Amino acid sequence: MTIAKQIMEPMIEHRHMSKEEARQHALDLLTKVGIENPEKRMKQYPHELSGGMRQRVVIAIALACDPDILICDEPTTALDVTIQAKIIELIKSIQDEKGISVIYITHDLGVVAKVADYVAVMYAGRIVEKGRVNEIFYDPRHPYTWGLLASMPDTDTSSERLFAIAGSPPDLTNRIKGDAFAPRNPYALNIDFELEPPMFDVGGQHRVASWLCDPRAPKVELPKDLQEKLVKMKKEAGLA
Amino acid sequence: MSEAKKPLLHVENLKQYFKISRTFTTKAVDGISFDIYEGETYGLVGESGSGKSTTGRSIIRLYDPTDGKIIFDGRDISKKLSKEDASYLRTNMQMIFQDPMACLNPRKKVKEIIAQGLEIHHVCSSQKEVDEKVYAILEKVGLSKEQATRFPSQFSGGQRQRVGIARALVMNPKLVIADECISALDVSIQAQVVNLMKDLQEELGTTYLFIAHDLSMVKYISDRIGIMHLGHIVETGTTDEIFTNPIHPYTKSLLSAIPHPNPIVEKNRVAITYDKEKEGVDYTKGVQHKLTDTHIVLATDEEFARWAK
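As you go down the protein sequences, you meet chains B and X in turn. Numbered per our numbering, the first sequence spans residues 1 to 240. Numbered per our numbering, the second sequence spans residues 1 to 309.
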């Protein structure tokens, strides 16, 4: 299917536009997502476009029906950093202009830091930690979040080894007893293997599903590397 | 990298053109030169379409290079290969691909996939020896013997990439070309794979050509880095030189585009953009400017004077 058909289809189906209206609207959308020469692009097929351009077209298709919520599922994972920066800019500018909400699904914490107001960290089908973006990045409480932050490569430090969370995600076809993250968690308590932790309120909008946040739990120090990383991050952000 | 070290791979003025039609030819790789020394990791970085994967594929001779010289371990492998050279190349240079699901045969067990290279090249004299080698390499990449009889679809993404690495390393190659081998994995698994590759390098002394678009990961594994843009290597140097003293505006824009996991900083940061046309840069006119023995920038004299300021 040509680009034109793919963008026009939802508008004709759901917004009952005429073909001509839809065409006009599609051209506007393509211009808005930063595609030059939209007349020509409309007649082309996806394989004729570059990766970044294809992603722009997909965003145009998503916007065709004027949504209130835009769900972006790893929109930049397959793209290189320079194109990624442009696509993120684009999504943000559309968000500002139309006032829509965006659910941004990604594994790249750098991207999260750039786009998000509010973050939920998921593991094995459950939200394990959620809160405002600053709460999550400057004051992480769940060991899984610690692992994710620690394993982010850092362009400034000279450390030779990357931190990696040991093991691999659990197989969800088996029943999981207790906390799904417990087998990979060096800070796991005995109760983690028995009972799934509830959401603990740790102040603000910050919620954590970890037994470590229970008042009866022993106090745990963050891994040393991560402590240093957090101190540095706060310094850069002018918080400390 | 001391001068005395001899390059394992020497690439000189490599060109790889693809004829699209009678009148149009894509110059995917347009005259690049670099050396990779024994036991080091050379990172090749660039945006999609910069020709970095094509370079890898030309070197391992999945393509026939249009022009230029590729010397691997003292043998010229850029021309038609003799039978002996071909077999030497196919055993001593291996590749790890980006998508482990696409490069592993879904109808074969992991054990068969890994053993295939050994069997084709008659490396082992008995089935027992093949099995031993396969189990040894599986253990090295962190998979168990029991998992050897499973199919690729029964593994997670990170595990599959481990199979890909095992498949490449079982031949005990001198050079491994890793083409975007971590791009499809998430951060914590990326870290596992990068650490694994580093450990194996220390143990086996393998040389890596590490192709990626993510500079931050490349930094952790590479000794030297080459930055590619539109078929040219615009800047090359040790990891330190590239990160602390980038000269070429494209390198700077790449470095500035890496998102930092720091929300307050990140929300106010603006990436440097680089537009070749706007800057009026013509790569074919550039010559190699040496800052140090290892740090080389592709630029004309005038550009170099302007950028180096």
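Because the hints were derived from the structure by calculation, they are not lab data. Keep in mind the model is a prediction, meaning the values are calculated, not measured. There's no promise every hint is true.
What the hints assert, rightly or not - With a Cα cut of at most 35 Å, we get these calculated DSBU-like pairs of lysine-lysine:
{"hint": "1", "chain 1": "X", "residue 1": "K5", "chain 2": "X", "residue 2": "K198"}
{"hint": "2", "chain 1": "X", "residue 1": "K267", "chain 2": "X", "residue 2": "K79"}
{"hint": "3", "chain 1": "X", "residue 1": "K5", "chain 2": "B", "residue 2": "K86"}
{"hint": "4", "chain 1": "X", "residue 1": "K133", "chain 2": "B", "residue 2": "K86"}
{"hint": "5", "chain 1": "B", "residue 1": "K234", "chain 2": "X", "residue 2": "K198"}
{"hint": "6", "chain 1": "X", "residue 1": "K252", "chain 2": "B", "residue 2": "K98"}
{"hint": "7", "chain 1": "B", "residue 1": "K235", "chain 2": "X", "residue 2": "K27"}
{"hint": "8", "chain 1": "X", "residue 1": "K133", "chain 2": "X", "residue 2": "K109"}
{"hint": "9", "chain 1": "X", "residue 1": "K133", "chain 2": "X", "residue 2": "K111"}
{"hint": "10", "chain 1": "X", "residue 1": "K79", "chain 2": "B", "residue 2": "K92"}
{"hint": "11", "chain 1": "X", "residue 1": "K27", "chain 2": "X", "residue 2": "K174"}
Said to hold, decoys possible - Here are some chain X residues pointing at chain B (derived, C-beta under 8 Å):
{"hint": "12", "residue": "G117"}
{"hint": "13", "residue": "H121"}
{"hint": "14", "residue": "H122"}
{"hint": "15", "residue": "P173"}
{"hint": "16", "residue": "S188"}
{"hint": "17", "residue": "H213"}
{"hint": "18", "residue": "N262"}
{"hint": "19", "residue": "V265"}
Stated by the list, open to error - Far from chain X, some chain B residues (derived; all Cβ distances over 12 Å):
{"hint": "20", "residue": "P38"}
{"hint": "21", "residue": "D66"}
{"hint": "22", "residue": "G125"}
{"hint": "23", "residue": "R126"}
{"hint": "24", "residue": "I191"}
{"hint": "25", "residue": "L239"}
Backbone N, C-alpha and C define an ideal beta-carbon position, used for all residues, glycine too.
Now the hints, each set against the structure:
no.	hint	verdict
1	K5(X) to K198(X)	holds (20 Å)
2	K267(X) to K79(X)	violated (51 Å)
3	K5(X) to K86(B)	violated (42 Å)
4	K133(X) to K86(B)	violated (47 Å)
5	K234(B) to K198(X)	holds (31 Å)
6	K252(X) to K98(B)	holds (33 Å)
7	K235(B) to K27(X)	violated (46 Å)
8	K133(X) to K109(X)	holds (16 Å)
9	K133(X) to K111(X)	holds (10 Å)
10	K79(X) to K92(B)	violated (50 Å)
11	K27(X) to K174(X)	holds (29 Å)
12	G117	violated (26 Å)
13	H121	violated (32 Å)
14	H122	violated (35 Å)
15	P173	violated (24 Å)
16	S188	holds (4 Å)
17	H213	holds (4 Å)
18	N262	holds (5 Å)
19	V265	holds (5 Å)
20	P38	holds (20 Å)
21	D66	holds (27 Å)
22	G125	holds (15 Å)
23	R126	holds (17 Å)
24	I191	holds (24 Å)
25	L239	violated (7 Å)
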